[in-house]
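Asker: Given these sequences and hints, build the entire structure.
Heads up: the protein sequence lines correspond to chains A and B, in order.
Quick note on numbering: the first sequence equals residues 0 to 235 in numbering that gives the first Met the number 0.
Quick note on numbering: the second sequence equals residues 0 to 495 in numbering that gives the first Met the number 0.
Hints may contain errors.
For lysine-lysine, the following BS3-like pairs were computed, each having C-alpha atoms within a straight-line distance of at most 27 Å [to be verified]: (1) B:Lys300 with A:Lys143; (2) B:Lys484 with A:Lys81; (3) B:Lys486 with A:Lys81; (4) B:Lys296 with B:Lys176; (5) B:Lys391 with A:Lys121; (6) B:Lys129 with B:Lys301; (7) A:Lys81 with B:Lys391.
Some chain B residues well away from chain A (every beta-carbon gap over 12 Å; in silico) [as the list claims (entries may be wrong)]: (8) Arg142; (9) Ser184; (10) Asp292; (11) Thr336; (12) Met362; (13) Ile373; (14) Leu399; (15) Val406; (16) Ala476.
These aren't lab readings, by the way, just hints derived from the structure by calculation.
Don't be surprised by glycine CBs; every beta carbon is placed ideally from N, CA and C.
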Amino acid sequence: MAIVEVTDLEKTFNADSPDPVRVLEDLNLEVEEGEFVALMGPSGSGKTTLLNLIAGLDSPTRGTIRVGDQVISGMSESELAKWRTRNVGFVFQFYNLLPVLTAAENVELPLLLLPMTGAERKQRVRNALEIVGLGDRMSHRPGKLSGGQCQRVGIARAIVTDPTIVVCDEPTGALDAKSADNALNLLEQLRADLGKTIIMVTHDPHAAERAQRIVHLEKGRIVPGDERLRLASTRR
Amino acid sequence: MPPEAASFMGGGPDLSLLQLAVYAVLGLLLVIFILTLMGIGTLPIFFTALLGLQLGLGAAQNLPDPIGKWSKVGGLVFRNMRRNLLRTALVYVALFVLTGMLTLIYTFVTSLVKLTADKEGQQLVILTEKHSIPSQMPPGHERRLRELLRELDPADRPADLDANIMTWSFIGGSTEKGKPTPQNSLFFFALSPEAITSGMMAEQGLNPEDLGSTNWEELLRVVEVVKEDKRHVVIGEDRLKIMNKRVGDTITVYSTNYPGVSFECIIVGAFPAGGRMGGAAAMRYDYLLSLLDEYEKANGKKHPNADRCLNLVWVRMPSKAAYEKLAGKVNNNTAFTPAAKLETFSAIVGAFTEGLKDILWGMKYIVMPAIVCIMCLVVGITITIGVRERWKEMAVMKVLGFGPGQVMSTVVAEAVLIGLFGGMLATWSMWGGVALVSGWAKGAGGGAAFFASLKVPVEVLWMGPALGLFIGLVGSALPSWSARKVKVSEVFSQVA
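Answerer: What follows is the structure, encoded as structure tokens:
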């Protein structure tokens with residue numbers, strides 16, 4: 000069963016102005032549970048807009064988006080905020096960690112919005128950081144960590160709430176080749192070991208190759224017949 | 000001291016408008032400098048208080064939710080404030096200085112307003128000459144006023160008239176005939192000795208609260224000694240020090256405003272140093288009258304000032320209505336020649352400060368609101384810079400699920416904390432500092448007497464924090480609103 004289902008999606012910016020910008024149109028996409036999908040395409044193709052819409056950061060002009068068993072396309076901003084807390088984990092290109100917080104506190108941040116005990120929060124934070132191999136860097140601030148380590152903290156923050164989907168925004172864009180490889184290995188591991196559904200926007204063909212499926216966008220539409228479905232086992 | 004007494008003591012320096020402006024600017028710069036030093040001096044208290052609060056929140060983080068988790072969010076506010084310590088410190092000092100200036104202006108304005116405000120209940124009223132400044136009336140005016148008082152209904156006149164009426168005559172003089180210097184000159188109030196301790200001079204600091212029980216007991220004793228001999232006088236300790244005299248000495252005072260009259264005075268007591276009477280002196284009114292009689296006998300004619308030797312008469316009336324009845328009888332009474340008028344003390348002070356009216360209006364309605372606006376701008380600009388710097392972090396918080404109100408409240412909390420502590424420490428320091436200076440001046444006496452009477456209204460203790468809170472809320476309104484409106488999709492905007 001598809002965990003993400005996008006149907007007849009359209010997104011137009013400045014829709015009421017005389018010069019509207021249609022970014023996505025008649026877009027249909029399904030992502031299976033536990034699938035690792037890469038979104039690729041030239042600048043302005045609409046991949047970031049699509050990621051924003053699937054992650055509940057923006058609302059479509061037309062069409063529906065279902066994630067899990069919830070249709071998010073009609074939700075208000077505050078409903079989306081609550082929904083994101085439980086259902087979406089975010090990995091950013093430039094990590095976007097809060098510099099005044101330690102690694103553990105950064106990872107704990109989204110948990111503060113969920114009903115759980117302090118002990119449970121601490122346990123989850125520890126687990127998430129150990130999964131990304133930073134169990135010994137819990138009290139370090141981002142300024143004391145390397146780029147690769149920061150990105151791993153970002154990944155830990157993305158998975159700590161056990162979200163339905165993890166969306167990644169150019170997760171290797173700011174990393175050197177080795178760190179990028181490590182981060183991608185980690186994402187693959189999350190999919191394989193924890194069954195996480197991952198949707199990643201990338202410009203990097205090497206990074207995209209690590210996904211099970213690559214979706215190419217051009218001028219707001221998915222390029223037909225250019226999707227590659229690969230077995231997870233071939234990558235492992 | 001009665002306002003009209005100033006005109007007998009010689010004018011101050013003759014200042015041009017330009018000189019006044021220069022003095023005002025220099026005074027303002029001095030005030031800003033002192034306040035800045037105080038602000039810097041209280042920085043450790045400010046940061047210690049912040050640290051204390053943060054530690055308190057840190058301890059609360061281990062408590063069960065929701066206290067625990069919201070303490071963590073609250074801790075984020077303190078950490079944001081510590082990001083740029085210099086900027087936080089500068090904003091605090093700026094708020095401290097501006098609040099301090101507001102406190103000073105408020106103190107000045109409220110003091111004058113209190114002095115010039117009409118009261119409904121018991122009040123001091125003053126009989127003066129109607130058409131002449133300074134007021135110089137014949138002694139008979141007091142007798143006529145007493146007669147009019149007796150005509151009033153018992154409810155409209157003081158129960159004990161003698162204890163609620165006093166005469167004032169001002170006598171300037173020096174101990175060296177024709178050679179007055181600051182060291183040999185002194186200024187007497189000629190009055191009835193009973194008035195010194197009857198409560199009529201309570202406003203001059205002659206009351207048990209201001210003097211303390213020991214000094215008050217001593218003053219009661221001295222007044223009894225004054226009653227024994229017309230020549231007995233009481234001189235302020237500050238004035239005695241300047242004149243190099245002491246209690247027990249005998250002095251001859253050659254009057255400057257009663258030419259040809261000299262007073263043989265025996266100093267039997269001293270007003271305490273530092274108070275309003277510390278630099279003045281008091282003698283018996285009947286001594287002045289008897290010397291004026293002797294002058295007439297010796298010269299075969301009245302002294303030129305014999306019919307102008309009563310400067311003021313004070314009466315403590317039971318109510319405003321009673322005062323108005325008496326004023327109606329006095330103000331159009333032809334028995335008073337020259338014509339006299341009866342006014343409240345506040346009206347006299349009000350007339351005396353009439354020249355300051357525009358300045359007061361400007362302070363209340365232009366300077367004070369302008370300072371508040373500047374404070375809001377200082378906070379607003381600083382918080383805006385902070386929000387701009389953390390724009391993406393706020394978007395990230397919203398991406399992670401924090402609501403717009405939660406993001407907004409972290410910004411508001413930051414501004415409110417700085418405003419609250421800035422306002423609180425500034426007003427508390429001003430109040431405490433002035434109280435310390437005043438206490439020191441009371442003990443020091445001499446030239447410090449002016450400082451002894453300084454007092455910052457106690458209400459500033461709550462007004463300062465309240466103002467800081469208000470400034471924090473208003474100053475952070477726009478930046479916190481823009482933080483609330485951060486678009487979460489902007490976090491991904493750098494991706495094509």
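Asker: Could you run down the list of hints and mark each one as holding or not?
Answerer: Hint check results:
no.	hint	result
1	B:Lys300 with A:Lys143	violated (101 Å)
2	B:Lys484 with A:Lys81	holds (17 Å)
3	B:Lys486 with A:Lys81	holds (16 Å)
4	B:Lys296 with B:Lys176	holds (22 Å)
5	B:Lys391 with A:Lys121	holds (26 Å)
6	B:Lys129 with B:Lys301	holds (23 Å)
7	A:Lys81 with B:Lys391	holds (19 Å)
8	Arg142	holds (82 Å)
9	Ser184	holds (68 Å)
10	Asp292	holds (87 Å)
11	Thr336	holds (83 Å)
12	Met362	holds (42 Å)
13	Ile373	holds (29 Å)
14	Leu399	violated (4 Å)
15	Val406	violated (10 Å)
16	Ala476	holds (21 Å)
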